[in-house]
Structures are given as structure tokens and as C-alpha cells.
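Number of protein chains: 2
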Amino acid sequence: GYAWWFSTDMFRTDNTDERTARKRSIGYRMSQHPGQLTIIYFLVLVAFVTALLLTPIATQDHTTTPFSTAFFTAVSALSTCGISIVNTTQHWSIFGQVVLIFAVQLGGLGVMTFASLIALAINRHLKATQRLLTANELGTNKLNEVRSVLAVVLTITFSIEAITFISLFPGLSRVNKGDVGKSLWESLFFAVMAYNNAGFTPDGAGLYVGRWEVGMPIMLSAFCGTLGFPVILNLWRTARAHKGPRHLNLHTKVTLLTTFIIVLISLCWFLVVEWNNQALFHDANIEERMRRGVVAAVMPRSSGFDLSWVPKVSEPTKVFMSLVMFIGGGSTSTAGGIRVTTLAVIFLVCKTAFSGHTDVNVFHRRIHTRVIMTAVSITTSCLALVFIASIALMMIENASFSHALFDACSAFGLGGYSVGVANADYPASLYVLAFTMLIGRLGPMTIAYAVGRPNVVEAVHYPTDQIVVG
Amino acid sequence: GYAWWFSTDMFRTDNTDERTARKRSIGYRMSQHPGQLTIIYFLVLVAFVTALLLTPIATQDHTTTPFSTAFFTAVSALSTCGISIVNTTQHWSIFGQVVLIFAVQLGGLGVMTFASLIALAINRHLKATQRLLTANELGTNKLNEVRSVLAVVLTITFSIEAITFISLFPGLSRVNKGDVGKSLWESLFFAVMAYNNAGFTPDGAGLYVGRWEVGMPIMLSAFCGTLGFPVILNLWRTARAHKGPRHLNLHTKVTLLTTFIIVLISLCWFLVVEWNNQALFHDANIEERMRRGVVAAVMPRSSGFDLSWVPKVSEPTKVFMSLVMFIGGGSTSTAGGIRVTTLAVIFLVCKTAFSGHTDVNVFHRRIHTRVIMTAVSITTSCLALVFIASIALMMIENASFSHALFDACSAFGLGGYSVGVANADYPASLYVLAFTMLIGRLGPMTIAYAVGRPNVVEAVHYPTDQIVVG
Ligand SMILES: [K+]
Ligand SMILES: [K+]
Numbered sequence: 025g026y027a028w029w030f031s032t033d034m035f036r037t038d039n040t041d042e043r044t045a046r047k048r049s050i051g052y053r054m055s056q057h058p059g060q061l062t063i064i065y066f067l068v069l070v071a072f073v074t075a076l077l078l079t080p081i082a083t084q085d086h087t088t089t090p091f092s093t094a095f096f097t098a099v100s101a102l103s104t105c106g107i108s109i110v111n112t113t114q115h116w117s118i119f120g121q122v123v124l125i126f127a128v129q130l131g132g133l134g135v136m137t138f139a140s141l142i143a144l145a146i147n148r149h150l151k152a153t154q155r156l157l158t159a160n161e162l163g164t165n166k167l168n169e170v171r172s173v174l175a176v177v178l179t180i181t182f183s184i185e186a187i188t189f190i191s192l193f194p195g196l197s198r199v200n201k202g203d204v205g206k207s208l209w210e211s212l213f214f215a216v217m218a219y220n221n222a223g224f225t226p227d228g229a230g231l232y233v234g235r236w237e238v239g240m241p242i243m244l245s246a247f248c249g250t251l252g253f254p255v256i257l258n259l260w261r262t263a264r265a266h267k268g269p270r271h272l273n274l275h276t277k278v279t280l281l282t283t284f285i286i287v288l289i290s291l292c293w294f295l296v297v298e299w300n301n302q303a304l305f306h307d308a309n310i311e312e313r314m315r316r317g318v319v320a321a322v323m324p325r326s327s328g329f330d331l332s333w334v335p336k337v338s339e340p341t342k343v344f345m346s347l348v349m350f351i352g353g354g355s356t357s358t359a360g361g362i363r364v365t366t367l368a369v370i371f372l373v374c375k376t377a378f379s380g381h382t383d384v385n386v387f388h389r390r391i392h393t394r395v396i397m398t399a400v401s402i403t404t405s406c407l408a409l410v411f412i413a414s415i416a417l418m419m420i421e422n423a424s425f426s427h428a429l430f431d432a433c434s435a436f437g438l439g440g441y442s443v444g445v446a447n448a449d450y451p452a453s454l455y456v457l458a459f460t461m462l463i464g465r466l467g468p469m470t471i472a473y474a475v476g477r478p479n480v481v482e483a484v485h486y487p488t489d490q491i492v493v494g
Numbered sequence: 025g026y027a028w029w030f031s032t033d034m035f036r037t038d039n040t041d042e043r044t045a046r047k048r049s050i051g052y053r054m055s056q057h058p059g060q061l062t063i064i065y066f067l068v069l070v071a072f073v074t075a076l077l078l079t080p081i082a083t084q085d086h087t088t089t090p091f092s093t094a095f096f097t098a099v100s101a102l103s104t105c106g107i108s109i110v111n112t113t114q115h116w117s118i119f120g121q122v123v124l125i126f127a128v129q130l131g132g133l134g135v136m137t138f139a140s141l142i143a144l145a146i147n148r149h150l151k152a153t154q155r156l157l158t159a160n161e162l163g164t165n166k167l168n169e170v171r172s173v174l175a176v177v178l179t180i181t182f183s184i185e186a187i188t189f190i191s192l193f194p195g196l197s198r199v200n201k202g203d204v205g206k207s208l209w210e211s212l213f214f215a216v217m218a219y220n221n222a223g224f225t226p227d228g229a230g231l232y233v234g235r236w237e238v239g240m241p242i243m244l245s246a247f248c249g250t251l252g253f254p255v256i257l258n259l260w261r262t263a264r265a266h267k268g269p270r271h272l273n274l275h276t277k278v279t280l281l282t283t284f285i286i287v288l289i290s291l292c293w294f295l296v297v298e299w300n301n302q303a304l305f306h307d308a309n310i311e312e313r314m315r316r317g318v319v320a321a322v323m324p325r326s327s328g329f330d331l332s333w334v335p336k337v338s339e340p341t342k343v344f345m346s347l348v349m350f351i352g353g354g355s356t357s358t359a360g361g362i363r364v365t366t367l368a369v370i371f372l373v374c375k376t377a378f379s380g381h382t383d384v385n386v387f388h389r390r391i392h393t394r395v396i397m398t399a400v401s402i403t404t405s406c407l408a409l410v411f412i413a414s415i416a417l418m419m420i421e422n423a424s425f426s427h428a429l430f431d432a433c434s435a436f437g438l439g440g441y442s443v444g445v446a447n448a449d450y451p452a453s454l455y456v457l458a459f460t461m462l463i464g465r466l467g468p469m470t471i472a473y474a475v476g477r478p479n480v481v482e483a484v485h486y487p488t489d490q491i492v493v494g
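Sequence order for the protein chains is L and H. Letter by letter, the first sequence follows residues 25 to 494 in this note's numbering. Letter by letter, the second sequence follows residues 25 to 494 in this note's numbering.
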């Protein structure tokens, strides 16, 4: 079950009766209604951050930012998407940039916490329907559960951010020629942005992709961010116990394998299709090309750093990148998209069907029917959303389909890249993209919550009847 | 069950024992292995028709057609797709045109017969797994089943084609100013092309959309062709028995409702988005616009007639039409795409999931889990195919994504339209599109066959384990 990433000793079970007090606490409500609370959390933060960005002190020249721009930037930061329509350092003051850092941090922590609570709630429900839970397990103290989740999320997030910060400082010091203040500030900025997968950059120059002492920590931190912290926790614990990869849990195995396949296909794509792309490869040698290829393969999955070469890729690559961004990263992570596990489940259903089997198995475990229904619902509704958003963008801006699709997928997958459709000149398209980002942030996990815990007991089981498909 | 469109009195059960003789007969094999036989039937016909079209007597100027063009035209005719890359009357001689008519007719009859046998085989299997079949039903004489299916398919096909032929003749006589021979030939050509949903036209001028005495029978016949003959048979029998629409069977209800919704959305789309399109509406009055709108909404679903205005629509409309062509028409019909019932099942899964239910119900009947798995497998693999084909076309011809997607969806959905990507100057893209057409013709039904009759009994039921999606 899901308890794998909470070893039992993490819970301090507290069975003394203080139920009335608990019911009033936010923690109790978080554990009872994580789906609704997630939406409230993000909408309140969007309103608050938009208001702060609208103040004149948030901008360099102390003017008021247009509402559409402030709203879009707030959503982009809170959803950790990172598409910027103004130059981050030239437009926003230090106050504005601090607001952005806090927005990204609160957005990232929020989504990781709520997504974990939702996953726990779904698992509890699935286990209960299968009568696998003992009474003791069902009675797990929910308030402590919230505390434990928060503690784990905060510990992992700040640990990785601190490691990234320390790793970045020497490299950035050299880039900034010993300017300690600027280097500290940029290290902090990149550390927060990288793990939370938000592609805002402090100097507008993108990732220092040629300087590996800067590029490597950012890429690794962003990659960890796309895995989701249950995977990181499981990897850490398995390594610490000196156990082999076979002892990893199902979710970790599926996430890692799917991620590996997607990154490998992307790497091959960039090396083959974009071999002659000057903006990406600069006619570099093989080793440098491999490095740049890995960055190109890892980054679009959610981080959004290194924008310079993106609009210069060929049209087929734009379509391919749209697909990669649509798939996104791992569940309960700061990445977006339909998530790699959703894709894996859909793929496993096809594999099972084609091979004439009936049980959807992977790594000697069976996938629950409700998880399959969840994956189908998420994929279908998100495909419909991206399709409608792309057509709306085409109509608003007269953009080509590949460009509209790219920016719609980037917004939905929280990729953070743009080929120019996200544009302050078209406020209507900014609202379309902001809405797409919010769905990308909240949609799949709230769908999973709604679907994973069916609230209707079927009064009548109708007989099946034949319907011919295909 | 599926026996609804074969009322029991249609079977003349013949239980005398001639098993050895039967096992050698083609009919017996057709009932035993409809999936494999479908593929063999089409591949043999493709080779045969390509060879005929390669002969000099097949062309007007008695030259040899390039292999890629002959192969593409053969596949286009046999799959009843109807994309033409040469002008049908200027390039092909009367012999060549007769070959095309026979190819379309054999392709249409073949797919309807095999698809029905496959649907029967799946239904027999589903019923057997549910222990709903009596021993008597399981022992249904399979040879007679094949004969019955063939009889029904031939009767319905030739009846509708004859009605279309008779309805078209007066109108075409007027168009051809009394030329009886030409009018008879064109009526025959249109009658075969319309019901089989192949968009080849005898004069290259497309559907006489302004002349309703010609346009209306063609549209109605093509529309019947997209429903699939089990639906037509069920409608006919229900009407003859003076019963209300509530007595229609589940497959008919779902097909009709989904078709109605798709046509209605398409009609609204064309009237709203293409209101100012001169090529489509010619600044006509409201009544004429409604007529032309209905044709525009019905035709892309598979028929492919009336090509003149298609390349002149706006970019968003091209994307929208791609989606409509991808969905296609009814199961066991001459239409292509993933089929409307597949879309309906996917939609019903989402609706069930979102409303917190567990059983996928529609019209007081439950959809079998294997049908859901079939629908998911068909949709996923066909999406992947169209995506890969589009990217290949973009690379071969440097085409834009919307154009490549349009022609790929037209080929897969057997729509028969083209925005110019299907082009004799690029043999490589012709092979890509021909492959896409063959998959569009055979893919969904063979997937349904493979998935609907699982051939593996699970030796071990693994325990479920948690995997977080979304
Ligand atoms: K991002
Ligand atoms: K067609």
C-alpha cells in the first residue's frame, strides 16, 4: 500500500480522545477533504500573489503592471510552470522577485503536501474496499498523518534546495567574478526554482548550459523535483538499507522506468532530428552534444530553464516536445502533465489487451481497476482540455497549430517554455493559458481524488449488453 | 447480445454431422479465424488491384502508372478511403474506373462481413465467460452463421445502392442534358461510392452540392453507410414492427446518439467559424447555408465527396475536421476512424468516474470491462499511429503540423479529403498514408478481435499494489 513511504515507526499513534478539538483544526480538515482544500489553497494564493504583483513596488520602475500580466505571472509561479511574459529581472523589483520565490516555494510545497494526502486517502479507500485493512490501520490518526506528510515534504524539499544552493555557489561566484551578494542571491533563486521546477531565471540569460558547474546541479535538482518525493524517499531508504533495486516499491519502479524511457527517447530524438541545430548544439563535439542532448531531454519534462534554443527547433520537434510536456513528470511532484505513471497505466492496459490477458499486471503486481479508470479519465479530459485551449489560442492569435499546441502543452505540463504564443499583447490568450496551467496543476490530482474514492454505492447492477467498438 | 440483428429465425440450424467437410470450407474458416482472414483478404486484394492498375490499359493515355500511385490508389479504393492523387476520369480509363468500382465494392463488402463475424465471435466469447449462453447457443452452426451474415450484408448493400442509383438518375440526366449512357454510368459510380463511403468522383467536380436532387441521395446514402448495417437492420425491423425508439438495441441507441451529437457540433462549428468562408457558403441565404452546413458536417465523417472547399477552410477548422475524421463512423460500417461507439465508451468511463460511480452504465445496461479495455486500446494505439504518421509526413514534405495531421486523420479515418499532403511528388508520404489507411481499415476491428477474446487464462492473480496516477 501507500504506507510504504511512511514506515510505520514514523507515526506516533495518539489514541487519547480529543476529537472535538481535532475536528476544528486545519490539519484534521486537510486530511478529511484534501481535494477541495487543494483548490481553495491555490485560489487564495493566486488572489494574494496577484495583488502583491500589482503593487507599484513590485516593479523596477514603480509602475503598475497590467492585471492580465500580474495574474498570469502569479499563476505561472504558484503552479511552478514558470512561463514568463516579462523579463524577470528587468520588470520585477527585488520585492517582486522575492514574491515570486515565495510563490514558487508555497506552490511547490502545497502541491506536494496535498497530492500526498490525496494519494493516502485514495489508498485507504482502495484498501478498505478490498477488506485488506485491519481495524487498527483504518483508525490511523489522521492529524498525525498530516503532520508526518508535512514534515517529510519540508525535510526533503529544504534538504535538496540546500544542497543545490551549496553546489551552485562556487560556479556562480566564478560567473559573477567574485560578487558574493549577487552570487548568493542567484544561488538561492536557482535553488528554489530548480527543485520546484519553475523556470524563472534571475538574469534572463537562461541556464548556463555551457558551464557545467552551474548547469549540472540545476539539472539534477530539477530532475529530482520531477520524480516526486515518495520516489526520492523510497530510493533513499532502499539505498540506506543496502538493498537492491528489486526492493523498491511498485510506484518507484514504474516512475523510474517510464521516466528513463521518455528521457532516452527524447535524447535520441534531439541527437537525430536536431543534429544540425546551431542554437542547440553549436557544432560542438560529441561529449558536449551528449551533455546538451541530456539537458534538452530532461528539461522540457517540467523545469523550463534554458529558453534560448527552444523557439529555434524544427516543427516536428515542437510537436514532439509538446507530447513530452503533455506527459510531464511524476505524481505528487512539482511537475505537471498527466504524469508518467498515468501514461504507464494506459500503456499497460494496451499491452495486457493485445497479449490476450485479462489482469493488468506489472512487476508481479496487479493494477486496481479504479486506478485504470482514473488514468483513462485523466488522459481523456486533459487531452480535451489541451485540444480546446490550442484551438482557442489559434483563434485569438491566428497562431499555427504547432505553436498553439506547444504553448498549451507547456502550460498544461507546467513545462515553462514558450514559442511566443504566451504574449502580453494578447490578454485573452494569457487567461486561456493561466486556466490551462491551473488545470495542469490541480486537474489530474483532483480527478484522481474524485475517481479514486467513489461516493455512490450502485443500487442496481444492470446486466451487460453488447456494444460493438472498433 | 449481438444476436439482436440476427433474429433466431434467420438461422436454419443444421446439426447433421458433416464436420470434416466443413472444416475444409472457407466459410468454416471465416467463422473460426475472422481476424487473420480479414488481413489476408485485404492484402491479397491490394496486390491484385495494384497489378491491374499498373497495366497500361488502366490509363487514358495507355502509359504505365508509377507504382507508388497505383499502390496508393488501390489501397485508397479497397479501404474505401477515396483520397485521389490523380484526377479519376482524366487519368484512369473506363477499365481503370471499373477496377476502382469493383475494388470499392469488394472492400466495402469485405469489411462489413468480416467486422460482423468478428463482432459475433467477441459476443459469443463474452457471453460464454459470463455463463449466459445455453449449450444450444454455443453450438450455433458456424457455417450457417457466415452464410447469414453474407446474405444480410449483400441484401442491405445492394438494396441501398439500388435505391441510390434510381434516385440519382433523374438529377444526373438533367445535369448531363439527357445523355442517358453517361448518366447511367455516373449514377452507378456515385451509388457504389456513396454507400461504401469512398469519395472518388467520376468527373473530378465533386458532389453537385448546389443541386439537391443529386447531392441529397448521395449524402443520405453515405450517411447510412457510416452507421453500419446492424444499425440499419435494427432500425428497419423496429420500424416494421411499429415499435418506438425505446425498443432499439443498445448498440443502435449509442451509435445514433453519438452520431447525432457529433453532426450537431460539426454543424454549429461550420456555421459559426466558417460563416464568412466564400468557398463553402458562397454568401448564400440561411436555408442554403443550413443545407451546405449539414453536408459539411456529415461528409468528413467518412464519405469524402465535395472536395472543392476543404483546403480553403481556416486553420482551426482543419484541426477540428481532423478530430471528426479521427473519430469516424459506426462499427461494422464502411466508415473508418476509431468509430463512434469507441468514443462513446471512453466518454462513459469518464462520466462514470467523475460522478463517483463504479459501474459503467448507459441506457440501463452495463458496459463489459473487456469492451472498456478494447476501447482504451483502440484509442491509444490509433492516437499513437496518427501522431507518428503526422510527424513522418512533416519530415518528408516539410508540411505544417495542421496539414500533416489533416491528411493523416483523413487517411486513418478513411475520410477521403486532403489538403495536399497526399501528393504524387512524394512517394514516401504516399506509402505512409497507404499504411495509415490500411490500419484505419483493419486496425480497430482486429484490435477488438484480439482484445475481445482473451486467449490466456491467468495462472496467477497477483495482489494489487498502490501506484499513484495524476
Ligand atoms: K516548469
Ligand atoms: K471515404
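Everything labelled a hint here was simulated from the structure, so no lab data went into it. Quick caveat: nothing in here was measured; it's all calculated off a predicted structure. Careful, some of the hints might be misleading.
One copy or two, it doesn't matter: identical chains are merged, so the pair holds either way.
Unchecked claim - Derived lysine to any residue pairs resembling SDA-like cross-links, with alpha carbons at most 25 Å apart:
no., residue 1, residue 2
1, Lys206, Arg315
2, Lys206, Leu259
3, Lys375, Phe126
4, Lys375, Leu466
5, Lys201, Lys336
6, Lys206, Asn147
7, Lys375, Phe459
8, Lys375, Ile420
9, Lys277, Leu208
10, Lys375, Ser405
So, going through the hints one by one against the coordinates:
1. Lys206 / Arg315: neither (27 Å within a copy, 68 Å between copies)
2. Lys206 / Leu259: Cα proximity of Lys206 and Leu259: none, with 35 Å in one copy and 77 Å across.
3. Lys375 / Phe126: neither (43 Å within a copy, 38 Å between copies)
4. Lys375 / Leu466: This pair counts as between: shortest inter-copy Cα distance 19 Å, intra-copy 29 Å.
5. Lys201 / Lys336: Neither, since 31 Å and 58 Å both go past 25 Å.
6. Lys206 / Asn147: Neither. Shortest intra-copy (46 Å) and inter-copy (71 Å) distances fail the 25 Å Cα cut-off.
7. Lys375 / Phe459: Between copies only: 22 Å across, 34 Å inside.
8. Lys375 / Ile420: Result: close neither inside a copy nor across copies, 40 Å intra and 30 Å inter.
9. Lys277 / Leu208: Classified as neither: same-chain Cα gap 37 Å, cross-chain 67 Å, threshold 25 Å.
10. Lys375 / Ser405: both (22 Å within a copy, 10 Å between copies)
The earlier numbered hints that this structure contradicts are 1, 2, 3, 5, 6, 8 and 9.
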